[in-house]
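Colleague: Please build the complete structure, drawing on both the sequences and the hints.
Residue numbering for the sequence shown follows this note's numbering, starting at 3 and increasing by one per position.
Just to be clear, a hint being listed does not mean it is correct.
[To be verified] Computed list of lysine-lysine pairs in DSS-like fashion (alpha-carbon distance at most 25 Å, straight line):
#1 K252 with K82
#2 K252 with K307
#3 K232 with K183
#4 K252 with K183
#5 K264 with K252
#6 K264 with K307
#7 K82 with K60
#8 K261 with K307
[To be verified] The calculated label-pair distances, taken between Cβ atoms and stated as ranges, are:
#9 Q160 with I273: 22 to 28 Å
#10 I118 with E149: 33 to 39 Å
#11 R94 with V193: 22 to 28 Å
#12 V234 with R280: 40 to 46 Å
#13 K307 with I118: 22 to 28 Å
#14 I273 with G305: 19 to 25 Å
#15 W251 with T291: 32 to 38 Å
#16 Q160 with G275: 16 to 22 Å
For the record, the hints were derived by calculation from the structure and aren't laboratory data. The structure presented is a predicted model; accordingly, all values stated were derived computationally and were not measured. Cβ coordinates follow ideal geometry from the N, Cα and C atoms, glycine included.
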Amino acid sequence: MTDAPSSLSRRRLLRAGAAFGFASLAPLLRGSRPLSSLLTPQEAMADTPATIALGDPKNFDLRAPGSRLDRLPVGMHFYKRKWPLGALGTVRYLQGPHSFDIPRVSSVMGASDPAIPEEGIYSWGIGAFAMDGERVAHAIARDRLFELFENLLRAGWQRFVLPSEPRLAQAEALRYVLSCKGNYPPDPRYVPTLDEWMQLNLHLPYWQFWADGVYMDVRVIDEPALRDPKGVGVYMFSIDLEGETPHFWKYFDEVEDMKRWKELIPAELQIDGRERARSEARLRLQGYTIDETYRDPPVLALGDKA
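Modeller: Encoded structure:
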């Protein structure tokens, strides 16, 4: 397990928006200028919602202004849009019954590779704030995150746990997260107390979901200097979506193995299953209760059924 990021590295994540797709946060963290002063009159106009989807690029609309397409020399295409700090946007992700809205969005970026046109846009990264202004109460930031989770669960998204990781739920999952310094996804059905929420934020917590061959990570980033539970903070949510193929690419280091992932992944998942069994056996001895009801997502490309 890796240690939690230091305050310095966390602040770099907060300020260096490129890593998570966020706009610059320096004015917010300094608190030296009102949001309205950051905008032109045109930028302060009502926002036009954007729609995104995986697959065919024709199935999304980033809605100008602020959108662009970057074509890199290596062949990658990136579809981007940013919103000004005082006029954050709304993004609607489209996936049939699994569609959902994300409010207070600062940026969105999709990726595609012309060398694999059958995948289309295979990933989206979305940066969103928890606050409407410069700061937000910690409990409100938590509640807004779990409002998003409630909407996701209602739309048919299910919690995802890596096949190599133990199956823990509710408070048991939170206990394990805190014991391993954040390197495990909490249960989105369990709303932490304010004290638990503040403890979670020490470790850049992330929650994971899946729905019909799509995988999603939601990560929370806060400003450690503003972590007094009686005060207010700065919070951002990083939301990453990817299709089944790029999800399983990450199991392999070599490009040729990535191309053969459908052939190779069954053996990898068997290795993961054995690792999970060992982890769960250890945790049972420590008094944990294993969530026997949890089921791994089907691998649709292999003909698995939900």
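Colleague: Mind checking the hinted window 32 to 38 Å against the Cβ distance between W251 and T291?
Modeller: holds, 34 Å
Colleague: Can you confirm whether the C-alpha distance between K264 and K252 stays at or below 25 Å?
Modeller: The hint holds at about 13 Å.
Colleague: For the pair supplied as a hint, K252 and K307, is the alpha-carbon distance within the 25 Å limit?
Modeller: Roughly 22 Å separates the two Cα atoms, so the pair holds.
Colleague: Is it true that V234 and R280 lie within 40 to 46 Å of each other by Cβ?
Modeller: With a Cβ separation near 43 Å, V234 and R280 satisfy 40 to 46 Å, so the hint holds.
Colleague: For the hint 22 to 28 Å, verify it against the beta carbon of R94 and that of V193.
Modeller: holds, 25 Å
Colleague: Looking only at beta-carbon atoms, does the pair K307, I118 fall within the given range of 22 to 28 Å?
Modeller: holds, 26 Å
Colleague: Within 25 Å, alpha carbon to alpha carbon, are K232 and K183?
Modeller: Within the cut-off at roughly 23 Å; holds.
Colleague: Just tell me: holds or violated, for the beta carbon distance of I273 and G305 against 19 to 25 Å?
Modeller: holds, 21 Å
Colleague: Quickly compare the C-alpha distance for K252 and K82 to 25 Å and report which way the hint goes.
Modeller: holds, 23 Å
Colleague: Return holds or violated for the Cβ distance of Q160 and I273 against the range 22 to 28 Å.
Modeller: Holds, since Q160 and I273 (Cβ atoms, about 23 Å apart) stay within the stated range.
Colleague: Do I118 and E149 keep their Cβ atoms within the hinted range of 33 to 39 Å?
Modeller: holds, 36 Å
Colleague: Take a quick look at whether K264 and K307 sit within 25 Å of each other, Cα to Cα.
Modeller: holds, 16 Å
Taken one by one, the earlier hints all hold for this structure without exception.
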